[in-house]
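Residue numbering for the sequence shown follows my numbering, starting at 4 and increasing by one per position.
Among these hints, one or two may not hold up.
In silico DSS-like links for lysine-lysine, alpha-carbon gap of 27 Å or less [unchecked claim]: (1) Lys114 - Lys103; (2) Lys71 - Lys131; (3) Lys112 - Lys71; (4) Lys131 - Lys103; (5) Lys131 - Lys112.
In case anyone wonders, no lab produced these hints; they're calculated from the structure. Values in this document were obtained by computation on a predicted structure and should not be read as measured data.
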Amino acid sequence: MHTGARAYRASALAGIPFGDFSDDYLFDQHANHAHLTQAQSDGSAHATAAPGQLLSGCALPRVSDGAKVDLGELLSAPVTTLVIFGTYPADFNMIEYAQKVRHYWPQLKAKGVDSGLIVVNGSPDSCKRLAEILDLPADVELLSDEAGEAGRRSR
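Modelling step: build the complete structure from the supplied sequences, incorporating the hints.
Written as structure tokens, this is what we have:
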């Protein structure tokens, strides 16, 4: 399973209904969502925690202005936010997800998505370049997570 080079325990994968997921680029997101929401037999505390709780205190620089923002606070806001935990700015999968966001952004907004957030494992400059090359909408925020802290916390 390719989900941005994340590693999972066999016990975590055993309960995920892979056959129920779409057979396209959304597969990875379905798998990640199922992993975060299923009751874990190993008793991991974050299995049922809200994303805002999981990522509270995870301060990352916003690419547009360099300001450090608390990812947990962003995800706890009373709005519907599309969040993508990406890979590296030059990674094919990261580029493909960002292209899909750009393409479907008007439809997502029409369906009630209030904000977009892409967490990228790269420097602010490389993330900014990714946004420029792909002409991402200005209301889709990119956060630079060079150390991969957010991804590790969400496992």
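For each hint, the structure was consulted:
At roughly 16 Å between alpha-carbon atoms, Lys114 and Lys103 fall within 27 Å of each other, so this suggested pair holds. Restraint check: the Cα-Cα separation between Lys71 and Lys131 comes to about 15 Å, which is no more than 27 Å; the hinted pair holds. The suggested pairing of Lys112 with Lys71 holds, with an alpha-carbon distance near 26 Å, which does not exceed 27 Å. A hinted pair counts as satisfied when its Cα atoms are at most 27 Å apart, and Lys131 with Lys103 qualifies at roughly 17 Å.
With a C-alpha separation of about 22 Å, the suggested pair Lys131 and Lys112 falls inside the 27 Å cut-off, and the hint holds.
In terms of the numbered hints stated before, the structure departs from none.
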